[in-house]
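Chemist: Protein chains in written order, with the numbering used here: chain A, 1 to 267; chain B, 268 to 624.
Calculated from the structure, these hints are not laboratory results.
Computed from a prediction, not measured in an experiment: that's the story for all the values here.
Among the hints, a few may not be true.
[To be verified] Heads up, simulated DSSO-like pairs for lysine-lysine below, C-alpha to C-alpha not over 27 Å straight-line:
{"#": "1", "chain 1": "B", "residue 1": "495", "chain 2": "B", "residue 2": "549"}
{"#": "2", "chain 1": "B", "residue 1": "343", "chain 2": "A", "residue 2": "184"}
{"#": "3", "chain 1": "B", "residue 1": "377", "chain 2": "A", "residue 2": "184"}
{"#": "4", "chain 1": "A", "residue 1": "93", "chain 2": "B", "residue 2": "352"}
{"#": "5", "chain 1": "B", "residue 1": "276", "chain 2": "A", "residue 2": "184"}
{"#": "6", "chain 1": "B", "residue 1": "352", "chain 2": "A", "residue 2": "184"}
{"#": "7", "chain 1": "A", "residue 1": "184", "chain 2": "B", "residue 2": "382"}
{"#": "8", "chain 1": "A", "residue 1": "94", "chain 2": "B", "residue 2": "446"}
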Amino acid sequence: MSGGRVSSILKRVYVGLILLFLYAPIIVLIVFSFNASRSRGRWGGFTLSWYAEMFRDRQIMGALWNTVAIAVLSAALAGILGTASAIGINAMKKIPRKIMLTANNLPVLNPDIVTGVSLMILFIFVFNTLRAGSLGFLTMLLAHVAFNAPYVILSVLPKLSGLDPNMYEAALDLGCRPAPAFFKVILPEISQGIISGVVLAFTLSIDDFVISFFTKGPGFSNLSIIVYSMARRGVNPKINAVSTLIFVTVMLLLALVNKLNGEKLKS
Amino acid sequence: MERFIDLIKVSKVFSENTVVLDKVDLYINKNEFLTLLGPSGCGKTTTLRIIAGFERPTSGDLQFEGRSILNLPPYKRPVNTIFQKYALFPHLNVRDNVAFGLRIQKMDEKLIKTKVEYMLSLVNLAGYGRRRITALSGGQQQRVAIARALVNEPEVLLLDEPLGALDLKLRKEMQLELKHMQQELGITFVYVTHDQEEALTMSDTIAVMNDGRIQQIGRPEDIYNEPKNAFVADFIGESNIISGFMPRAFVVEFSGASFDCVDKGFGENSPVDVVIRPEDIKLRPAEDCRLKGIVDSVTFKGVHYEMIVSAPDGAKWKVHSTKQAPAGSAVGLRVGPDDIHIMKSGKLGFGETTGGG
Chain A
1 MSGGRVSSIL
11 KRVYVGLILL
21 FLYAPIIVLI
31 VFSFNASRSR
41 GRWGGFTLSW
51 YAEMFRDRQI
61 MGALWNTVAI
71 AVLSAALAGI
81 LGTASAIGIN
91 AMKKIPRKIM
101 LTANNLPVLN
111 PDIVTGVSLM
121 ILFIFVFNTL
131 RAGSLGFLTM
141 LLAHVAFNAP
151 YVILSVLPKL
161 SGLDPNMYEA
171 ALDLGCRPAP
181 AFFKVILPEI
191 SQGIISGVVL
201 AFTLSIDDFV
211 ISFFTKGPGF
221 SNLSIIVYSM
231 ARRGVNPKIN
241 AVSTLIFVTV
251 MLLLALVNKL
261 NGEKLKS
Chain B
268 MERFIDLIKV
278 SKVFSENTVV
288 LDKVDLYINK
298 NEFLTLLGPS
308 GCGKTTTLRI
318 IAGFERPTSG
328 DLQFEGRSIL
338 NLPPYKRPVN
348 TIFQKYALFP
358 HLNVRDNVAF
368 GLRIQKMDEK
378 LIKTKVEYML
388 SLVNLAGYGR
398 RRITALSGGQ
408 QQRVAIARAL
418 VNEPEVLLLD
428 EPLGALDLKL
438 RKEMQLELKH
448 MQQELGITFV
458 YVTHDQEEAL
468 TMSDTIAVMN
478 DGRIQQIGRP
488 EDIYNEPKNA
498 FVADFIGESN
508 IISGFMPRAF
518 VVEFSGASFD
528 CVDKGFGENS
538 PVDVVIRPED
548 IKLRPAEDCR
558 LKGIVDSVTF
568 KGVHYEMIVS
578 APDGAKWKVH
588 STKQAPAGSA
598 VGLRVGPDDI
608 HIMKSGKLGF
618 GETTGGG
């Protein structure tokens, strides 16, 4: 029926408009990262020169290195910490378990600015007490571990609670010592949860600006902070190139997480 | 037979108020099929977990061939367990599941292969080695679990309600198979179940448990025919349990009449509980019997009819018979001296119960 066809077309147009509204800024950003003209209003032809300039820029490359280093390390540490915590929480009785889960969800829901400021205050308090230390790589790394670990916990817990409760005991029963029993039996069963948690942590770490901004030290920056300071200094199409790079990386990683979780649902 | 596993005054208290096991004394002979039978929460699984080493008793001792193994961790005990939900490793295929214990022992791979193949054929799973665990049916998973445990040649196999998840027909088959395997391999089995029929079918010895204590231990026939108390009588098979009175040895009074019986040793003029199995009561014309009643209901049970008969004193008798008496008819109930089982009165507060089951 034509009425049905019209309404189906309308539906598609509506969805298309919503997607356009959501993605228009990013599309514009990506398009203008290939714009030969410095102007943000006029198309001056296709170029890759902003990307070339970006890769030549020492400051940007340094910040890129910092971002990747922090992301890799914080994701790995959060992976270990989060998995261990998830195992502990899973073994708890109902009420303590609920309390721990709520405590775990708080940092996830807490505004980044509050997390950032409070971490900064904590670090400075510790440094003042010790009369040593300063904000920098280590503080930013610790901050990223802190906000990433809860996501790993949330990702690993459902895998753990889906396991046969006697599986670990079965391994002990068959002659396995406790540590090998964990690595041979439990770890393979929850590895998908750990991997998707770690990839999510890595993504969030690359993505983060607010918490990094408050926990960074003088002379130590990551990409998002560089973008911010460049944007304040004025028009520079290199920003578009850097932003596009971040966006594409995050997008790919999120697609990977979704794929992992999708496989999890199927099996 | 020699004493093999010995539980000596084993208690388990989980928090201040919950006593799961209360000074349990139990020994298991070599090559015995012992069943721990009881309702859920009676402590049977905890007993099994203490033998396996997953729980530590609050007090008491656990001995294996005369030596305490309380401080031996589960991975050093000469026992293997079959868990209720099998606890197979889903990331490994059937063969690798069965080979798991042998690989831990660092056995030669060739030997492992031979042993695993032999084990799989023993549980009728030859050719299933490469299958994924998740692709197997419940009964097949059960067999993998049995193979995974038995391949390690344990001296004792612990089984925690292993047939609970299977349907009736498969369960009956597996009962016979397990019993057969136990006799063939000469392994001591400690079997936990709440299914009295399963226990009666398979066991050499049954320990009936309730409230963290062993109520009675003995051969299946003895437990069925001579229940020690009202709980055992009620839990094993179906029973009529009523209060009675023994004026002297070999005579018992209940339901307003006096009967000869084969029991003694309860003292003169003592209150007792009387247990009569429904299948031991014969239906006779009312005028021939001291026990009479009106048939309340008749239910067809396959092999027999189950009739509830109301006596004039208010007692309700459960009667099993291959012949049926129509509801509403007056019948007499005949019980012989051998059919009357006398127990100490109200041992578990069952005093006034009638027609339990």
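Chemist: Each hint needs a verdict: does it hold in this structure or not?
Modeler: Consistency of the hints with the structure:
no.: 1; hint: B:495 x B:549; in the structure: holds, 24 Å
no.: 2; hint: B:343 x A:184; in the structure: holds, 18 Å
no.: 3; hint: B:377 x A:184; in the structure: holds, 21 Å
no.: 4; hint: A:93 x B:352; in the structure: holds, 21 Å
no.: 5; hint: B:276 x A:184; in the structure: violated, 37 Å
no.: 6; hint: B:352 x A:184; in the structure: holds, 19 Å
no.: 7; hint: A:184 x B:382; in the structure: holds, 21 Å
no.: 8; hint: A:94 x B:446; in the structure: violated, 39 Å
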